[in-house]
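Same order as they appear, the protein sequences are chains A and B. The end of the first sequence is residue 461 by the working numbering, with every number in the run present. The end of the second sequence is residue 461 by the working numbering, with every number in the run present.
Keep in mind that the hints are not guaranteed to be accurate.
Where chains are identical, the list cannot tell them apart; a pair therefore holds if satisfied intra-copy or between any two copies.
Calculated lysine to any residue pairs in the SDA-like style (CA-CA distance at most 20 Å, straight line) [said to hold, decoys possible]: (1) 127 / 246; (2) 97 / 24; (3) 127 / 244; (4) 331 / 270; (5) 289 / 220; (6) 7 / 19; (7) 360 / 409; (8) 214 / 246; (9) 395 / 363; (10) 364 / 423.
No lab work stands behind these hints: they were computed from the structure. Just so we're clear, the structure is a prediction, and the values are computed from it rather than from any experiment.
There are 2 protein chains.
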Amino acid sequence: MSSLNPKIDQTIKILIDKFGNNFTTNKGIRNTHSKDESWHHPSIPDGVVFPNSNEEISEILKICNEHKVPVTAFGTGTCLEGNVIPTSGGIVVDMEKMNSVLRVSQEDLDCTVQARVTRKQLNDYVKDLGLFFPIDPGADASIGGMAATRASGTNAVRYGTMRENVLNLTVILPDGRIIRTSKRARKSAAGYDLTRLFVGSEGTLGIISEVSLKLFGIPESISSAVCSFNSIEGAANTVIQTIQLGIPVARIELLDDVQMDAVNKYSNLNYPVKDTLFMEFHGTENGVKEQSQLVQEIAKDNGGKDFQWTTDLEERNKLWAARHDVTYASKALRPGCDIWATDVCVPISKLAECISATKKDLSKSSLIAPLVSHAGDGNFHLGFIIDRDNPNEIKEAEELNERLIMRALSMDGTCTGEHGIGIGKMKFLNAEHGEGVSLMRQIKNTFDPNNIMNPGKIFTP
Amino acid sequence: MSSLNPKIDQTIKILIDKFGNNFTTNKGIRNTHSKDESWHHPSIPDGVVFPNSNEEISEILKICNEHKVPVTAFGTGTCLEGNVIPTSGGIVVDMEKMNSVLRVSQEDLDCTVQARVTRKQLNDYVKDLGLFFPIDPGADASIGGMAATRASGTNAVRYGTMRENVLNLTVILPDGRIIRTSKRARKSAAGYDLTRLFVGSEGTLGIISEVSLKLFGIPESISSAVCSFNSIEGAANTVIQTIQLGIPVARIELLDDVQMDAVNKYSNLNYPVKDTLFMEFHGTENGVKEQSQLVQEIAKDNGGKDFQWTTDLEERNKLWAARHDVTYASKALRPGCDIWATDVCVPISKLAECISATKKDLSKSSLIAPLVSHAGDGNFHLGFIIDRDNPNEIKEAEELNERLIMRALSMDGTCTGEHGIGIGKMKFLNAEHGEGVSLMRQIKNTFDPNNIMNPGKIFTP
């Protein structure tokens, strides 16, 4: 048993007693809860519990709080900064059984789901009602986890991130209190915004058990387009001007030449190996035509070549499959290696400059790192292709990553647009927020005085 | 001197010493800072200070915190729930001199302003750049005050409220710390969302001194429409279906028959005295035409009559002037009286039911109360026309208001969509948020342990 948690034996006894087969110390199951999808090193919890209800979560938290045992909530384990790695051991609360869609309203365009419902599961559930939920991080993540990391994805430029799309949450606090953060009205000026406080709190303040979300009507018409550029500036300026003109582009994604090369090789395609924009337009039939015509003109003015436009479902799917496969495509460049996906976001006026400087820096390194950007948000990822057992490569990636983050911060950007702080970005929180971190710590201390909720995340000890 | 604040004399001496002519105890000036635009009773502060900088605000707060003297920040004083009335006396910090636009970026579609810049001032400043800021509470409020009350207005259905449109804030805490709540990137997953915590905190956690805001490109084309209905259900269903189809209507406002009668009389117009929708569409020339054609069809299916559509600037201005003059129009129904504007917001599926039940309740009362609704958000106001010196009328309005709020809460709505809690809605905070209020109080206590920031607001003592 872990020496980190002196009262763990006692806690485990109580949990066995209360939860029977829904609690386990099985080594294999603990192992699967020791990691996420990042390059960060695993850490094995002392036990894993599978609650069935808010009340059971409340009971678990009360027990752990009394014994000062760490608790980490676990959804799909698809996070990218070690956000769910139980670095202090303790109990993992696997939300597996909390996976029901509780209600959907076609009239209100909203729904309430338990935290472990995944985004694809939700979309399957609501599509026959003509509805969809747009937030799409790469993985088929759980809605609770997406709320906890303030996730976004390719549609955020039009539909917002989890920050804008969560209507309310049910949260269980470390002392067992069950809170609903707000009513279901679209807006409210009644008191502090508890919803937004828990969105992005990465399980450090409480466990999110239910989420009410905005939904959207499936657009009458969808078109996609792809266009390559001779320079990153041309692509970035196309994005800036598109947004400035108020063209309601649904997706506008930038892949650099390295990424395009990987995509071509992986998916047997023959796109030009150049900085390329992938776009999607949602609206009426006339609307999407007009939007793409406008963007085509803007792209042309910025040196865009071979603007290809389609409403055909099969062609659209092929195009977006290529975009969504970037991680696999990158991995295929160097079989057996891992992808360290980093993530910064800058004001859009700085995007070209930040990317150019980053690529220049990268060109001096031995590492390959394809780039993909949710350009409409000023957000981009580098995927360092590394051998995680090679300390030199880890060191080189760390140094490149640190310079990238300091570059983004110097441009009034953030050290993470959508992956969260986890353990990977902890050292940059002060650089980004300065004295603001002291306020965050005050909130943490008053909500979780025993520091049991996902300790060792967000804040350096 | 106020007996509420034993150390007020000492505090005043220090403030005179430090701020000279920028501090005053002049009775007339104190009187103008004793009230807002609501029916709530005035309360006179002990002194008023006019800081020039963040550092001066910091100094004021340190002094007041040391002496445990209440501090209330004051912008334009246009709030509607007593939010800035210094009910415990103390010092009012009038932000008058903090009224500069600090920066505007055309490329990033954003700006940073000092808190006392008003929304019209900002729009005048940016219009030559082809930009605008959409949030429009009735009054020409200060941006800082709008952030503090989580304001919205007629454009929120398309552009969001202050919650969605504030990028970051500079906030001065009661202990004098100066915090910037985040960087300027469009999205971030770095730590707790301090920005959203201060938006809507009504001056109870700190003083907002600077605000970075999203801006939008002025649409290529704007059209307006007006349409009357035989029933509130027809109007509400038109709104629901418009939003469900994803038609990006910029404004969709519902005025009831009583309000339309007032508007006609006040502005010498001859609209049908029926439940009426006022709409605005933003987009390309073809886009706004298509949008309004779609809505016209929806309206027709729901019994809408005389759908009138225009892109003509003069006609549009006339139409929206009628909408914006509702308060004056209501006042003109009973000269010498006040308007008690109340404010609830419900899920849109409940809007017709909530309005119908409210009008039925109202029909049994002696009071007149025109109704105006930001229907796209499910938000509506009743304007009780009252003689504030008549306790029977106040009592009747209070009872109607309480029933209205409990009705909205029972429909999963909120006791205030955009006016804030202030003093007027304090008694409903627990009914709305239950145990969540205890979390809000924990935040309040840790940020402001001496309870000097706008005490007696949001939370009942």
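Quick rundown of the hints versus the structure:
1. In this homomeric assembly, residue 127 and residue 246 come within 20 Å of each other (Cα to Cα) only across copies, at 15 Å, whereas the closest approach inside a single copy is 28 Å.
2. Taking identical chains as interchangeable, the C-alpha atoms of residue 97 and residue 24 lie at most 20 Å apart only when both belong to the same chain, with a minimum of 15 Å there against 63 Å between chains.
3. Taking identical chains as interchangeable, the C-alpha atoms of residue 127 and residue 244 lie at most 20 Å apart only when they sit on different chains, with a minimum of 14 Å there against 32 Å within one chain.
4. Taking CA atoms no more than 20 Å apart as the test, residue 331 paired with residue 270 passes inside one copy only; the shortest distance there is 19 Å, against 69 Å between copies.
5. When the C-alpha separation of residue 289 and residue 220 is checked against a cutoff of 20 Å, the pair qualifies both within a copy, at 12 Å, and between copies, at 17 Å.
6. In this homomeric assembly, residue 7 and residue 19 come within 20 Å of each other (Cα to Cα) only inside a single copy, at 18 Å, whereas the closest approach across copies is 57 Å.
7. For the identical chains of this complex, residue 360 and residue 409 are intra-copy neighbours only, at 18 Å inside a copy versus 57 Å across copies, given an alpha-carbon limit of 20 Å.
8. With identical chains, the CA atoms of residue 214 and residue 246 are at most 20 Å apart between copies only, with a shortest distance of 13 Å across copies and 22 Å within one.
9. Taking the closest pair of Cα atoms, residue 395 and residue 363 come within 20 Å of each other only inside a single copy of the chain (16 Å); across copies the shortest separation is 74 Å, beyond that limit.
10. Taking the closest pair of Cα atoms, residue 364 and residue 423 never come within 20 Å of each other, the shortest separation being 27 Å inside a single copy and 61 Å across copies.
Violated hints amount to a single one, hint 10; each of the other numbered hints is respected by the structure.
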